[in-house]
Amino acid sequence: MERALLRYRNSVISGLIINEANGVITVKSSNGYNMTFDKSEVEFIERKREEYADHRKIEAIEKGQGEKRISVLATGGTIASRVDYETGAVSPVSDPELIFGGSDILTRFTVAVKPVMNEFSENLKPADWIRIGEIVARESSDSDGVVVAHGTDTMSYTSSALAFMFEAMRVPIIFVGSQRSSDRPSSDSRENMEAAINFAGTDIGEVAISMHGTTSDGRISLLRAVRSRKMHTSRRDAFESIGLPPIADYDGIVKFMGSYRKVSEEMKFSPKLDERVSLIYFHPGLNADDFENMISGKHAVVIMGTGLGHTARDLIPVIKNASANGTYVIMTSQCIYGSTGLNVYSTGRELLAAGAIEAGNMVPEVAFVKAMYLLGQYPHEQFRDLFRTNMRGEILDRDVPEETLRISR
Amino acid sequence: MERALLRYRNSVISGLIINEANGVITVKSSNGYNMTFDKSEVEFIERKREEYADHRKIEAIEKGQGEKRISVLATGGTIASRVDYETGAVSPVSDPELIFGGSDILTRFTVAVKPVMNEFSENLKPADWIRIGEIVARESSDSDGVVVAHGTDTMSYTSSALAFMFEAMRVPIIFVGSQRSSDRPSSDSRENMEAAINFAGTDIGEVAISMHGTTSDGRISLLRAVRSRKMHTSRRDAFESIGLPPIADYDGIVKFMGSYRKVSEEMKFSPKLDERVSLIYFHPGLNADDFENMISGKHAVVIMGTGLGHTARDLIPVIKNASANGTYVIMTSQCIYGSTGLNVYSTGRELLAAGAIEAGNMVPEVAFVKAMYLLGQYPHEQFRDLFRTNMRGEILDRDVPEETLRISR
Amino acid sequence: MDTKIGLEVHFQLNTGKLFCRCPVEQTQDEMFRFRRKLHISASELGNIDAAASYESMRSRSFEYIVADNSCLVEMDEEPPKSPNRLALATAIAVSRSLGCDVMDHITYMRKIVIDGSNTTGFQRTAIVGINGRIETSRGPVRISTVCLEEDAARKIEEKNNVVVYSLDRLGIPLIEISTEPDIVDEEHAVEVARSIGYLVISTGNARRAVDAVRQDVNFSMGYGRVEIKGVSKLAQIRDVIRYERERQENLRIAVDTIRSRGGIDRSSFKLKDVSDFFSNTKSKIIRNGLESGRIFASLLKNMAGTLKNGKLRMGKEIADLVRSYGIKGVMHSDELPGYGLTAEEVETVYRSLGKSENDAVLLIVMDPARVSFIENAIFDRIQKIMSMDLSETRGPSGDETVFLRPMPGKDRMYPETDVPVIEVGADLAAMASSIRPRTYGEVVQDLVKTYGISKQNAEYIASEMILDLFQRMAQLIDAREAARMITQIIPDLERKTGKVLDQDKILRLCQRSKEMQLDRYQLEKALEILYEKNSVEAALSDSRIRELSRQELEDLISDILNTRGDATRNAIIALIRERTDRVFDPRMAMECFNEVKNRR
Amino acid sequence: MDTKIGLEVHFQLNTGKLFCRCPVEQTQDEMFRFRRKLHISASELGNIDAAASYESMRSRSFEYIVADNSCLVEMDEEPPKSPNRLALATAIAVSRSLGCDVMDHITYMRKIVIDGSNTTGFQRTAIVGINGRIETSRGPVRISTVCLEEDAARKIEEKNNVVVYSLDRLGIPLIEISTEPDIVDEEHAVEVARSIGYLVISTGNARRAVDAVRQDVNFSMGYGRVEIKGVSKLAQIRDVIRYERERQENLRIAVDTIRSRGGIDRSSFKLKDVSDFFSNTKSKIIRNGLESGRIFASLLKNMAGTLKNGKLRMGKEIADLVRSYGIKGVMHSDELPGYGLTAEEVETVYRSLGKSENDAVLLIVMDPARVSFIENAIFDRIQKIMSMDLSETRGPSGDETVFLRPMPGKDRMYPETDVPVIEVGADLAAMASSIRPRTYGEVVQDLVKTYGISKQNAEYIASEMILDLFQRMAQLIDAREAARMITQIIPDLERKTGKVLDQDKILRLCQRSKEMQLDRYQLEKALEILYEKNSVEAALSDSRIRELSRQELEDLISDILNTRGDATRNAIIALIRERTDRVFDPRMAMECFNEVKNRR
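Protein sequences appear in the order of chains A, B, C and D. No gaps in the numbering here: position 355 of the first sequence is 355 in the working numbering, and each next residue is one more. No gaps in the numbering here: position 323 of the second sequence is 323 in the working numbering, and each next residue is one more. No gaps in the numbering here: position 409 of the third sequence is 409 in the working numbering, and each next residue is one more. No gaps in the numbering here: position 359 of the fourth sequence is 359 in the working numbering, and each next residue is one more.
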């Protein structure tokens, strides 16, 4: 870090140099404001180097006096990061005190925060899902619950992957994210995390997501991972479990809203995934050659078709061919809500005849993760049956109208 | 058609042979039921050929005594089709009487039904959009309004394409579909079409979609095409204009709900589209090579990124490269609701630096159609500016909360 | 001509709904409501379906109450799921037990129904078996088809032009078994219905509920086929057939009478507005009618004394029709003066219409806008009766029948393309084999052997098809006591109160009675109170089920003897009952009587 | 020590909101509400921000009313959009006119504010210009910064621990101009505020509304800096500075008095529960207090006669603090007995505390749970005053000032990473150049020339910064009449009624008056009624604006002369006004007077 005294036109400004690149310099001036100048416009009166502590390192830390021990695994993302006031740099949060200070969490729980990685979730790969899963598995042996702090962008993907990999779990596995970073006074991270820890203290044997239920603070919803989807780019209540009410709400206490799987005596964790799966968005003008290229080399493809699960007629031979060559072709719908129904129109029936598997009301992204899991974990001849079998609550028996779901809240 | 008398075990059945394939035969028996048998299980006592009128042809027809003349163009899809009671075959509907018998539509309007094509909408290509646009342009010269009956699967794509191609229009252009086919007593086609014709009788100078506003009959909503999206696979109220209330409702009369563009004196129709555009769904595990292949040869790609419009870090060099080579890379979000925001996280800023264009709150499918239109119609150097310019209402100035939108209804 | 009777027997199954995975029973009230219309264009209906066009003409809208055992499928908001396999297997098992040729493929059809009872506007139905038979005491009766259909929505009310339905029942699997018209009389019909009943109910997959079994009776005695829809009890089958035979015989007499006088003609049947004659009337029905409509009258040429005269009831035929259009005020000369009308008023109308002695006169209070439509409908119906074509759809009403609608034409059916043809493969066949329908004889024998109840009681239980109720009750209380409750006490209470209680309620009472260790007197009293209060807990907390103690009995008896010193041992039980409505053990009462008597 | 005064002047802009495309004005009421909390962890605040920790301690929750001129940005539910370019250009133009060095890049910062007035918990602010100056009659005043910020949410009410805000104002662009403490006295402060005002308001981009301009006054006379927040009128600047100077001088005297007696000490300041002494009190305030809390008292060592005694008001310093925590019942010995307390009751308490002559006693009605916190807070404040560190944030209250909160530390600021740095390119610079702020002299000269009004009126309009109102009014009514209304009639009415009307309402009245062709007397009467009824239409339909006709005037004057034959020409107008509140033309009244007089 350098401190500078510089002249800009008739003014003299002193401050810390925050950034100096592309012909532009930013100085945090003594009045607290950052000021940015064309370097050609300023004249340095003085520059001097200054020590500056870098807070970016994060270490495992354990705090609290509660009987229940909750492991909080930090993987990165908005929830785990805060901006350094001085430099504006983003650094991870490790001290639970920073998050829970003032609440009763640390008297009711013992919270162990462990850094796993520090990535924006859009950068995570299936290999990272396995790595997170392995650490969760390890933590779950001496914790009463595991919370995974995760970026919201791909939280549904990662949490679904864990839901499939954990056929049985000893303790709750709760994912938590935030849509406003922890350094903002208005951040949702504090309430989401407080709820997550409380959810992690129950007997739920599912992988689930703890996020705001509405734009207001005060009610956090627990959503089944394998039905979840991020439905808004920026709102606090961006996450939704498609076609299913939340498993539970937290508003100071945990209130279960419906039935859920309980924790098991033994954990069953199967961390194999086949990465040769892709997710393709069908659209008018997608031509057969391009489509064939996208499928080529994949063991399974999940297509987000139109309406009840359709593609243009000219792609069907490609699907038939791929299917005949052992690639599983799964039809979901880009509508997001509702079920596929390949028996209704001739396009659908032709797709079925070509070997397409329908995903029913499975969320497209979850279908994608499930395909990776099935290919990695089971013999291929079981793929079709298992794909249509409800393994973790990813398939809904009934498509209940949203009006009823709203009333059930 | 053949009539048969056959023996199945101890029973003798007479009926019309509906289908005979793959070792299975289906007979429509004299009691009205279809019965299907393994061919090996039946013994024919008699078979004889019978004349059967084929109703599949469709001809242009004009009916009604109203002053306003509305052209209804049939392109196929659920709304324009009905099942033949005898054979179960699907055939297009041409006679307006079949749809409007009993209502006052034909006393208030003169309705001219013209067949344009007979395709499920998932099969339509950009070339078909142009063809439909050309016929709409032609019809609009001697009609007071044009209604396009269209399959719902890609209705948002086609109607958006027309919205861009028609920079100005003399008469309303109303798309209409149905989620339950016209042959069902419960079909939504009748009300959707009645509303469409009434909407087509107004002074709205936009391309819009006429579909059910709720699961109940009785209120049909008119949605701006360039904000519309099919959000449910099967419900009557599947269509939604994202972030925007309906332009109007019809419940016996047309009620405008907000501001809309009025019809112009002159039509301005620019039917050029560049088909070398694709729509890519980013997902974890999408590797750079596959991604590069998908982009290759395209003039523009629309990426449905995660969250505020992100991809994994390792795809950014590919985007940078493509962008440098003249391919426009547009970021939208798979969240569907909300805006992209590439200035918030470093991933987004890196994407901007790599040349990505952010779609803001444009609906991903509309961004895709807009890219085709801009590339087809304007010099490439105007692409970036025009893409970020609100041309047809496809960009919302303000992201109004859904709670407010609900109240505004 | 011979009487021909055929039955269609419908059984709801408890397997879960047919085309979605919703449960058969609902647990909560209304979630929300939505409204629909059903459309069917005239040209499509053509000349084919009079019943459908009758509904269409009424142009009603339908409001649906969404129950928690319904989903988007019942709302007609998503395609049907694959049919419930246990329901399919049950239908196959039943078909087999009826000696049917079971289909090797099951093909679903849509049967157009536009009374709103199906949100789709059609009912999904498939043939599972054909060409079976059932042996009876009067020889074999042929079974034409065994179908597996979806049940319709439950009608809640009809107000103005809106019919309200609940979706709770919509989609429940319904096995429909249709016989050929091989049944010779009403007793035979009951026997056939009962025999078919054993087979289905003994699968264990039939639903237990008040309306879970419904019969349609097809009746013909040479004057066209009458279909009597929705007979829910076996005994009612007997009643409606008897009534229908008499009705048709009497209509024959009435028609012959009218014909002998020269018959009717269209030109003389004209509804005229006669409101002016009643401007000062004191008749309430007329005065009320004039507030919202007008009074119309027409001559009914040669029909005097056929409208309501001993057994002749042509008037009811007309009134039933008119009432089906929602018009209530119908009067005719066979009952006039009456309804508060004076002889003078009536005469004025008669004169204005030129009534002669043989003619009758019809008076209707109605909306003038509908006159021409109603006039045509009434004349058409009279003419149809005059030609002794009595075919139509009727419904049971107590032990009578009433006009419902014209006989539907051949069903308008087309393929249910959303449901792929189901191949009856090895797994479905095996599932069907595991379901074993039993006959009446088998069921009776089993009951006597297993529960030690009398053959008479076993036969009652078997013939009333309450096997399941009995078996469940016998797990809670003594089997013989259960048999007594089912065969005597409950039927008595139903007769007395005119109420039919939900079986689950009775079972819950037995369950609680077991927990509270009530004795049989208390249980019977509690049951009696349950019929009164309709609430198990209210019944159980009622003071009347507190049993009289020995001391209380003795005090009561002393008291009785004080006023009625002559009270005998035989009379004492009745005398105690007069004084208290609490329960007591009659044996103990006798003992107390003896003791008190001795003490005196 | 010298008095040092600095100003921060804030102007709302009418350009549309700063970080979204919502309009500045709302058109509908509440859409819906939501609730939030704001969190800031103690360790983060550290020793830095006393104001923030004061808010945090209050742990309130915030309810936001969503107005129709707000979107997801105001809800903190989506990132800010790029800053409004017209607002940027306006800020640049103002900076230039103040001789600032305009930044070549504008960098947005987040300033932490956790009183809930920003849904984000921070205010977005950026420096546009630095180091300017403005010439005044007392020499140049330096401008330290010109910032372009977002305005905060509008506080609606505070109930229990919930503060309710409306989002209508949140996000309106706010130009903040901060001077160095170069201002020498209150008159000078008003001059500076006015001079800055011309520049901004004359751009035409400033919002016209009651609270669209707000000043913060920084005042120091050697006892620490006091910031007086939210002074909305120019005249009030003068008042609050005067008041503040007196307050500090008087505190100096009080402190000296106390010190001379030996000062205060912590150990003698202990809030004790003295409720028991008041078990039979007749004091309402105490009796009410005992229902929900207890009565606490403490000695205030050596403070007798400084609490409320002539100009000494230490008691108010304590009460203001306590009141800021929501506690109302504060009493002290300088005003006791009083509040319904008897001398005996008071004496008992004094004795129990061991009060000597020089000591004062404090009584507080409050929740016992908060005693220790409040005790510390009060003592800290007294101690701070005793050390003559009077720095704090205060607010205007009439022409006084009240304690608001401790002086915030150095602002906690960090970069607004969601908003990219804005390069002030050629287009923005050009846009700024098209906006021309003008000085006082230029404005006055223009007014006189364009509208032909007096220089005095022009100066008033210019100095009250109501140029825009005047220009709009002058399009509707005669310019000189408009000037009269603005400079005389409206200020009179505001003084009389204590009300300030929305300018739009006054303009609408002028518009309607033009349509209805009212004369000046009618318009003035209508304006008067508008202040009374607050509704333009009600004012216009009031019978009082119906002008007296010549005949009516003559009749009235005859009447007057009948009882007061001595009424003179000079007195007649006043006499007419006594008898009617309808309008009339005084000139016509004179004529009538002459005529009536002549006729007699």
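If you're looking for bench data, these hints aren't it; they were derived computationally from the structure. Being a predicted model, the structure only gives us computed values, none of them experimental. The C-beta atom is built at its ideal place from N, Cα and C for all residues, glycine as well. Keep in mind that a hint or two might mislead.
As the list claims (entries may be wrong) - Over 10 angstroms on every C-beta distance to chain B, these chain D residues come out as not near it, computed from the model: (1) Arg21; (2) Cys22; (3) Phe32; (4) Val66; (5) Pro79; (6) Glu227; (7) Arg261; (8) Ala369; (9) Val371; (10) Val419; (11) Pro420; (12) Val424; (13) Asp427; (14) Ala429; (15) Gln456; (16) Ser549.
Stated by the list, open to error - Below 20 angstroms or equal to it, Euclidean Cα-Cα: the simulated SDA-like pairs (lysine to any residue) are: (17) Lys320(A) to Asp290(A); (18) Lys316(D) to Phe379(D); (19) Lys125(B) to Ser141(A); (20) Lys125(B) to Asp289(A).
To be verified - To give an idea of the chain A side of the interface with chain D (calculated C-beta under 8 angstroms), a few residues: (21) Ser11; (22) Thr26; (23) Gly32; (24) Thr36; (25) Asp38; (26) Gly218; (27) Phe256; (28) Gly258; (29) Lys272.
Evaluation of the provided hints:
For Arg21(D), the condition that its CB be more than 10 angstroms from all CB atoms of chain B is violated, with the nearest at approximately 4 angstroms. Interface exclusion of Cys22(D) from chain B breaks down, the closest Cβ pair being 6 angstroms apart, not more than 10 angstroms. In this structure Phe32(D) is not separated from chain B by more than 10 angstroms, as the shortest Cβ-Cβ distance comes to only about 5 angstroms. A beta-carbon of chain B is positioned within 10 angstroms of the beta-carbon of Val66(D); the least distance is around 6 angstroms.
Remark: the non-interface label on Pro79(D) conflicts with the geometry, its nearest Cβ contact in chain B lying 4 angstroms away (cut-off 10 angstroms). Distance check for Glu227(D) against chain B: the nearest CB is about 34 angstroms away, which clears 10 angstroms, and the non-interface claim stands. Under the 10 angstroms C-beta cut-off, the non-interface status given to Arg261(D) relative to chain B holds; the minimum distance is some 61 angstroms. No Cβ of chain B comes within 10 angstroms of the Cβ of Ala369(D); the nearest lies about 37 angstroms off, and the non-interface call holds.
A cut-off of 10 angstroms between C-beta atoms confirms that Val371(D) is not in contact with chain B; the least separation is 43 angstroms. For Val419(D), the requirement that its beta carbon stay farther than 10 angstroms from each beta carbon of chain B is not met, with the minimum near 7 angstroms. Look at Pro420(D): its CB is around 5 angstroms from the nearest CB on chain B, not clear of 10 angstroms, so calling it non-interface is violated. A cut-off of 10 angstroms between C-beta atoms confirms that Val424(D) is not in contact with chain B; the least separation is 18 angstroms.
Distance check for Asp427(D) against chain B: the nearest CB is about 13 angstroms away, which clears 10 angstroms, and the non-interface claim stands. Every CB of chain B is more than 10 angstroms from the CB of Ala429(D) (nearest about 20 angstroms), matching its label as outside the interface. Listed as outside the interface, Gln456(D) is consistent with that label: its C-beta sits roughly 46 angstroms from the nearest C-beta of chain B, beyond the 10 angstroms cut-off. For Ser549(D), the shortest C-beta to C-beta distance to chain B comes to about 48 angstroms, beyond the 10 angstroms cut-off, and the non-interface label holds.
The hinted pair formed by Lys320(A) and Asp290(A) meets the criterion: a straight-line CA distance of about 16 angstroms does not exceed 20 angstroms. For the hint linking Lys316(D) to Phe379(D), the alpha-carbon distance of about 14 angstroms falls within 20 angstroms, and the restraint holds. A distance of roughly 56 angstroms separates the Cα atoms of Lys125(B) and Ser141(A); the hinted pair therefore is violated under the 20 angstroms criterion. Between the alpha carbons of Lys125(B) and Asp289(A) the distance comes to roughly 15 angstroms, so the proposed pair stays at or under 20 angstroms and holds.
Among the interface hints, the one on Ser11(A) holds; its C-beta lies about 4 angstroms from the nearest C-beta in chain D, closer than the 8 angstroms criterion. For Thr26(A), the interface hint holds, since its Cβ comes within 8 angstroms of a Cβ in chain D; the closest pair sits about 7 angstroms apart. Interface hint status for Gly32(A): upheld, as the beta-carbon distance to the closest one in chain D is roughly 4 angstroms, under 8 angstroms. Interface restraint check for Thr36(A): the shortest CB-CB distance to chain D comes to about 4 angstroms, inside 8 angstroms, so the restraint holds.
At its closest, the beta carbon of Asp38(A) sits 5 angstroms from a beta carbon of chain D; the interface hint therefore holds under the 8 angstroms criterion. Proximity of Gly218(A) to chain D holds as hinted, the smallest CB-CB distance being about 6 angstroms (cut-off 8 angstroms). Checking Phe256(A) against chain D by beta carbon gives a least distance of about 24 angstroms; that is not within 8 angstroms, so the hint is violated. Hint status for Gly258(A) relative to chain D: violated, with the closest Cβ pair at about 26 angstroms, above 8 angstroms.
Proximity of Lys272(A) to chain D is violated relative to the hint, the smallest CB-CB distance being about 39 angstroms (cut-off 8 angstroms).
Consistency with the previously given hints fails for numbers 1, 2, 3, 4, 5, 10, 11, 19, 27, 28 and 29, ordered from lowest to highest.
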